[in-house]
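Following the working numbering, the numbering of the first sequence begins with 66 at its first residue and continues without gaps.
Read the hints as simulated data drawn from the structure, not as lab findings. Do not take every clue at face value.
[What the hints assert, rightly or not] Pairs of lysine-lysine residues, derived as BS3-like cross-links and limited to a Cα-Cα distance of at most 30 Å, are as follows:
hint : residue 1 : residue 2
1    : Lys-85    : Lys-120
2    : Lys-80    : Lys-132
3    : Lys-80    : Lys-124
4    : Lys-132   : Lys-85
5    : Lys-85    : Lys-124
6    : Lys-120   : Lys-132
7    : Lys-80    : Lys-120
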Amino acid sequence: MGAGQRLPRRARMLKPAEFKQAFAEGARIVRPPLAVAYRRNPLGHPRIGLAIARKAVSKAVVRNLVKRLIREEFRLHQERLPALDLVFYVPPGSARLDAASIRAALERIWSRLATA
RNA sequence: GGAGCCGGCCAGACAACCGCUGCCGCGAGCGAUCGCGGGGGAGGAAAGUCCGGGCUCCGCAGGGCAGUGUGCCAGCUAACGGCUGGGCGGCGCGAGCCGACGGAAAGUGCAACAGAGAAUAGACCGCCUAAGUUCCCAACCGGAACCGGCAAGGGUGAAACGGUGCGGUAAGAGCGCACCGCGUUUCCGGCAACGGAAACGGCACGGCAAACCCCACACGGAGCAAGGCCAAAUAGGGAAGGAGGGUACGCUGCUGACGAUGCGCGACCCGACGCGCGGCCCGCGCGCCUUCCGGGUAGGCCGCUGGAGGCGGCGGGCGACCGCCGUCCUAGAGGAAUGGUUGUCUCGGCGCCGCGGGCCUCGAAAGCCCGCUGGCCGCUAGACAGAACCCGGCUUAUCGGCCGACUCCCGCU
RNA sequence: UGGGGGAUCGUCUAACGGUAGGACAACGGACUCUGACUCCGUUUAUCUUGGUUCGAAUCCAAGUCCCCCAG
66 MGAGQRLPRR ARMLKPAEFK QAFAEGARIV RPPLAVAYRR NPLGHPRIGL AIARKAVSKA
126 VVRNLVKRLI REEFRLHQER LPALDLVFYV PPGSARLDAA SIRAALERIW SRLATA
């Protein structure tokens, strides 16, 4: 498949300031149980950031599961995405957090991003 | 075979493809980083943060008070509120399990309601009329009243100032006696907690200390976001210095083969700012510019995993545990890794079929229930849960499985 | 991740270990032509589970949830 499906360090957001910018200046797409704040970046490729709050997902095992699933789907979709910083988070009040509903939400987010 | 009880262990396996990560090696780049290869990568609770210790910084002459915690005894341990063994009490037929289990004869307190009385108590109902006084009666070993006696019985309460029995008495009472309980002393066993025996006492010493407290013992405070190192930009602090421009001149200065060019130094020329200290000059301060210094933010690095360590053997101890020898290195992330997709197998579970038994029935069928070293190449990985400095415990959550010791019941020999 | 605090009617808030009280709200009634105000009455609570005690909102232990601080 080649380098397009890897997830190197440069494809991740690394600094708190970058997260702050994404939340402060970015647009948002909310598709419960997931949501994403995004803004253009000058790097020529998309970057992923995960902000899964303990308050939104209380159990650590579930938090890790959510993050893994998002990472994996991002890894497989990144070639088709524009150069954006994407900060995923779980909006409050999201009850169902199983693998199927997360994948479904991601699917809707990808198609929305493709038209943005 | 069935019930039960205790201890220990495990927490799906293998393979393929696509990924993440820190370590080692090679390579690219000034660097952030990137590529290739190799081998490593969650737990028994990683959890709650309820205790204890290491480590780090701060504080500290010594001792005491206060505060907090622990609390039968002995031991283990770095330490503990943990563990082991023992004692006592309770539960269980038993194996076993459970227990905040020091002191109420040091002091201060508390006990609503009910009840006569709630702590050096008390007399409502009740029991008694022996003694004393008076009266009734002809009289009395008869009766009544007063003065009194009693605490056995009733009743209240969570709790009522030893229990049972016999004697005793007017009725009663540890008033006397026996046994039990309790207390004191002595002796014996035990390191001790405690247990046993004897003698004496003659009921005094009720309950609550997860009430204040007393006694004994322990504890300095904060926490890896501890703490240390490197260190942009901006603002601010300190120190030193200071405008800037021009030239056709000079140099046994640099660059360059030479030259040219450019740079440096010297000389000369032009020009030396704003605000404040009354005006002007000098000077000083502020502003402005240059260089340096210290603190420090972003960011990076160390702390960061080799340790009261795991495994095996031998030895000591009832045991917790300890000693010696050998051997192994076994997660270190950090906007935060340890994953995703599939296949095969296996453990349990479910379903269907078969067989056996029971219920139902006159008997059966059907149906329901229970069981099986039984079949299917049927379906299904499925508990609690995710490291964040480390370790020893405790507590809480948990689908299930394996091994061993022991107890009770039934059957057979 | 570490440290600290809290939980009482629907809301806010009291209660030496002895019947859980008050205000607002809600409901019913009185007053009024009606409404408001006022007055009277009623309903509703100790986060959960154990333990200590005769007796627990209170004391002790474990758990659950919420809030705050350090980034």
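**Study point:** Proposed proximity, Lys-124 with Lys-85 (alpha carbon, max 30 Å)
**Key:** Roughly 25 Å separates the two Cα atoms, so the pair holds.
Check your understanding: Are the Cα positions of Lys-132 and Lys-85 separated by 30 Å at most?
Key -> Holds: Lys-132 and Lys-85 sit about 19 Å apart, inside 30 Å.
Review point. Is it true that the CA of Lys-80 sits at most 30 Å from the CA of Lys-132?
Key: Judged against 30 Å, a Cα distance of about 17 Å means the pair holds.
Point to revise | Lys-85 paired with Lys-120 [C-alpha distance capped at 30 Å] | key: holds, 18 Å
Exercise for review: Decide if the proposed pair is consistent with the structure: Lys-80 and Lys-124, CA atoms, cutoff 30 Å inclusive.
Suggested key: Holds. Lys-80 to Lys-124 sits at ~25 Å (cutoff 30 Å).
**Study point:** 30 Å limit on alpha-carbon distance, applied to hinted pair Lys-80 and Lys-120
**Key:** holds, 21 Å
Practice item. Mind checking the alpha carbons of Lys-120 and Lys-132 for me, to see if they're no more than 30 Å apart? Key: holds, 15 Å
Consistency with the previously given hints is maintained throughout, with no hint failing.
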